[in-house]
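Undergrad: Single-letter residue listing:
There are 2 protein chains.
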Amino acid sequence: MVHREPAEAAAAAAAGGETSISTQPPSSSQQAAPPPAVLVYKVGYPPRRSLATEFTSTLRETFFHDSPLKQCKDQSVSTKLQMGLQLLFPVLGWGRTYSLSMFKGDLVAGLTIASLCIPQDIGYSKLAYLDPEYGLYSSFVPPLIYAAMGSSKDIAIGPVAVVSLLLGSLLQKEADHDKDREEYLRLAFTATFFAGITQAALGFLRLGFLIDFLSHAAIVGFMGGAAVTIALQQLKYVLGIRSFTKETDIVSVMESVWGSVRHGWNWQTVAIAFTFLAFLLLAKYIGKRNKKYFWVPAIAPVTSVILATLFVYLFRADKQGVQIVNKIKKGVNPSSVHKIYFTGPFVAKGFKIGAVCGMIGLTEAVAIGRTFAAMKDYQLDGNKEMVALGTMNIVGSMTSCYIATGSFSRSAVNFMAGCRTPVSNVVMSTVVLLTLLLITPLFKYTPNAILGSIIISAVIGLVDYEAAILIWKVDKMDFVACMGAFFGVVFKSVEIGLLIAVSISFAKILVQVTRPRTVLLGNLPGTTIYRNTEQYPHARHVPGVVIVRVDSAIYFSNSNYVRERILRWLTDEEDRVSAEGLPRISFLVVEMSPVIDIDTSGIHALEDLYKNLQKRGIQLLLSNPGSAVIEKLQSSKLTEHIGNGHIFLTVADAVRFCTSKSMQEP
Amino acid sequence: MVHREPAEAAAAAAAGGETSISTQPPSSSQQAAPPPAVLVYKVGYPPRRSLATEFTSTLRETFFHDSPLKQCKDQSVSTKLQMGLQLLFPVLGWGRTYSLSMFKGDLVAGLTIASLCIPQDIGYSKLAYLDPEYGLYSSFVPPLIYAAMGSSKDIAIGPVAVVSLLLGSLLQKEADHDKDREEYLRLAFTATFFAGITQAALGFLRLGFLIDFLSHAAIVGFMGGAAVTIALQQLKYVLGIRSFTKETDIVSVMESVWGSVRHGWNWQTVAIAFTFLAFLLLAKYIGKRNKKYFWVPAIAPVTSVILATLFVYLFRADKQGVQIVNKIKKGVNPSSVHKIYFTGPFVAKGFKIGAVCGMIGLTEAVAIGRTFAAMKDYQLDGNKEMVALGTMNIVGSMTSCYIATGSFSRSAVNFMAGCRTPVSNVVMSTVVLLTLLLITPLFKYTPNAILGSIIISAVIGLVDYEAAILIWKVDKMDFVACMGAFFGVVFKSVEIGLLIAVSISFAKILVQVTRPRTVLLGNLPGTTIYRNTEQYPHARHVPGVVIVRVDSAIYFSNSNYVRERILRWLTDEEDRVSAEGLPRISFLVVEMSPVIDIDTSGIHALEDLYKNLQKRGIQLLLSNPGSAVIEKLQSSKLTEHIGNGHIFLTVADAVRFCTSKSMQEP
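Just so you know, the protein sequences line up as chains V and A, in that order. Per the numbering used here, residue 14 is the first one in the first sequence, and the count goes up by one each step. Per the numbering used here, residue 14 is the first one in the second sequence, and the count goes up by one each step.
Hints are computed from structural coordinates only; laboratory data are not their basis. Do not rely on the hints blindly, as some may be mistaken.
Short, incomplete list of chain A residues facing chain V, as computed with Cβ under 10 Å [to be verified]:
#  : residue
1  : Phe-222
2  : Arg-383
3  : Gly-395
4  : Ile-484
5  : Asp-488
6  : Met-490
7  : Ser-518
8  : Arg-528
9  : Ala-566
10 : Ser-606
11 : Thr-613
12 : Gly-615
13 : Lys-628
14 : Lys-650
15 : Thr-652
Beta carbons are placed, not taken as given, at the ideal position from N, Cα and C, and that holds for glycine.
Just chain V, same shape as in the assembly (with noise of 0.2 Å):
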């Protein structure tokens, strides 16, 4: 609220704020001279909130910030139940007015990724140890779901490379994959369904805040240990290496590599798999230097796929020792309600590493989905995004799947092919069915060598070298970050690089809340602008005036550092001014304008400060609380304590209060 006051109304003119026209000297600002006419304004009280707005506002801002119902507001109830429908199946919304033009992007993008997919997802599922059907499972019920509940119009869904490595080193803790067979699958399920459970839960609870929880820079840290990890381990079908160890650090792999050297490579694996790796990645800089052959680098893999089958076949390389595929099971995905753990030890263990995997898998499809709905300017409901995963994952889970989630190659492939809408999935889908229903005998002679080889230059894309060096540039400390994940994954496992990223992720935030930043302010000469010391190394300290803006709410967390804080400058002050003979220091101006809030720690800490001061004779200012925190120190009595008369809107109009009255006491 603005108070005009009438008496001084008339004085005070370029003390309408932070105002005072001066092209003279900077001293003005120290000249005693009364200022002239204008309006002066206090300080505002917002209206004052009751006990349930105020509870209201403050959920609706943690958790519905975005208004997900804005639209339903005020219609009928039967359209209410439609909106909450299409809400729930986006494909009510964009079905209706879909077109055969829109068909044919869709399907280009869908076979493209199709013939992109039916590779990678041999390899990945055996990152994930588990037989090749699965992956290709994993690959036909979960689109479909997504195509009816996902809102991105770009996003290709399926096994993705980092979560399959995820998923088999901790199911590999819990259950052998060679010896316990059967367990190792049942528990796979039970992951995944718990991965869906969660994926669905955070959303539908409106938690998918928590994601954001890891930091980018910990995020490029691991992805790129984890593709550097996946590549290493492919070296054992690159190479031919029959006895691989089951670690997955870089250390035993090559210790592996090395100890076969002699006897365990095979040559003729070797050298189809460098053959296909060199035009793989020919494909992919083809693609890369001119958009227009997108095409080239999507087909390029199942291409090689044919061609090497081809040649393993024709010249039967399989007898020469050259590993093959063998078997695929041909069908269409069988049940799997029957095999997941619902009670028993399992249970716990399936469940902590779905919520694990899950999380990871959520973090990929949503930066996935923010990135494309930027660059097509539509939004995505985070909250939306993971009950439509998490229910794709729990019917996964009862269809023979494990956990899918969006793909980076994939979805880029797909962007740059031309879908418009999920549609693309389904039809990606529909070739994955005809795939398992009628030529998975044909990959018998496939060579795990070329899925290596695919795999490898699928992941490569993940190590994004070029955002390790912007973030180098921007942020050391966030490169520690990122390093740190980079080498507990490669060095050490990925559950420790995934601990590593969110140990340190949580250590930024910890710091962030208990240090806020500090500065001193200095008033650049002629202006009545205040700033950072610092930054502005013109600005000039006003004398017997020290200005601190505090960068932070205050509260429990960092209350007492702040107020130490403070009071540090203030010490830090007295002795520069009395080492160089300057009056003394008798105010203290708090400019709180980045104070967004305080909690009682924070009033204790202010109450705290202004009566250390008290007792050294220094008066302590507030300058433009804003309307949280004023209210609070309203409510605490604490202004009273300060005085009205020392909380001012602009640091100018206190220091000009400070002025006029060290004037005043010669």
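We have chain V already, so just place chain A on it with the hints.
TA: For chain A alone, coordinates are given in the frame of chain V:
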């Protein structure tokens, strides 16, 4: 760095920042007249810091913000050594100037707190399910160590109610104090040892700020709940109930009380207990009414003990069913080094219990230390205090003590009795020693009921209903946290209450970092000040411009929210503008003064925002980015995207740019 642009120096007079005199009507800021002569300040680019400087300054601010070694700078090695020793043992500092007049104060204070602590110690050890002598032991050794190492002048060291209760209920879960007496005792010493290790480690690693993560509100609730629980536990002694529940929740306790109402209560016990409880409360009331009589409540407990013991002895009331202490072991603390578990399964349990109790002990001690330090205006180094408290508990665990810390009630008495230095703790410790050596047999006939009354009257002060009322007034969410912790302790258990307190505190931090406030700014008519339109309803929108202030650093945890929220402000404003038939929005100003920092996620969010706005034909302008922010914007080349000409020192400058632009394109 301030740039003065000669070309513009002749122009833009009022433009000298948020500056323009006006006694004219508010619309002045929308006039397009080119502003007259003056200096133009540009956003300052701070001098580039090297990686090492940046790294060390972050480390220093996080861990050494109080520059603990400041005095040691520029000193000879021997002086440094001496100063280092003195840092560790402050007694070497104040000891040199210790005088007789100081000792007088300390003697009186020491005797007073000794008379208070002896009956309390005996009672508190019962809360921890330990024999009474262990309470006395813990008031002998730890205060001596603290006197040499601690830096608070007012804290009174010894066992305290809440930690005793917490320790007892955590230990009881691992070993039964009745059946496995020896194991229980050993585990108690192990927990004490690890509590000390935890405390010392936190202090030594300068991680003391971690205890700030328990919010004030949560502590108030937890303490209040613990006090109620402790008082309820005393009903056993006060009513003379023989079969009492082992649970601590109010429901079980009340069942025990009602269940034994007919045959279990002992009227002689009840009479003694309530007579003395009335006496103690009256003494407390007198002390509160007139600070001069602070000694009345201080000596009331020991007086009660003497009178009640005499009464029981003379009338042989113990034959009437009045329970008595019966036996306290005579003699000084025996060694207990051999009782601490250093190997085996109890180490982990002891560590867990010790860490929790140690943290709570620290919270209490540091809060007390800070309170009294602020009253007497001296500085307290929290981390140094932790090292002192930790060492004291480590030594304590080896000399048959259980966890000691600072006591709220005794420290207050110590302060009021005029203590000057930690010597008052030494005096108290000496009195306790004499008690152990000489008069423990005299406690034989002390009725348990009187100890119960003393504890009830002591813990009543922990129910800080005034603080709870203030919390209710200041912050409703905080109040919910406070009540959650309170009811958690009272209705469930101390651990559950503590868990609730910690969870709520963390949830608050999470919400704080994920949902920062953003506000819409408007112009205060007649000035060039821009303020929150909600707080200042008179603030006016600038036609065609939306001004949003972001009140937080933009980090990975909130970058998506910030971007979406800014866009929502824009959409809302667009709706309003089109409804009112006003000119369309063509500029979005983001006021960044409160944005202290930004990371790569934040930069991506700004970039996305910029691209999104470009598509809508809206220009993004930034106002007053801080030094860290402008540096990062520049190194990520985002300043080039947005255009250096679109980054301003003040909102007023940015708005002036917008209005002159819209004038050019009619």
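Undergrad: Could you run down the list of hints and mark each one as holding or not?
TA: Going through the hints against the structure:
no., hint, verdict
1, Phe-222, "holds (5 Å)"
2, Arg-383, "holds (7 Å)"
3, Gly-395, "holds (8 Å)"
4, Ile-484, "holds (5 Å)"
5, Asp-488, "holds (5 Å)"
6, Met-490, "holds (7 Å)"
7, Ser-518, "holds (7 Å)"
8, Arg-528, "holds (5 Å)"
9, Ala-566, "holds (6 Å)"
10, Ser-606, "holds (6 Å)"
11, Thr-613, "holds (5 Å)"
12, Gly-615, "holds (9 Å)"
13, Lys-628, "holds (5 Å)"
14, Lys-650, "holds (9 Å)"
15, Thr-652, "violated (12 Å)"
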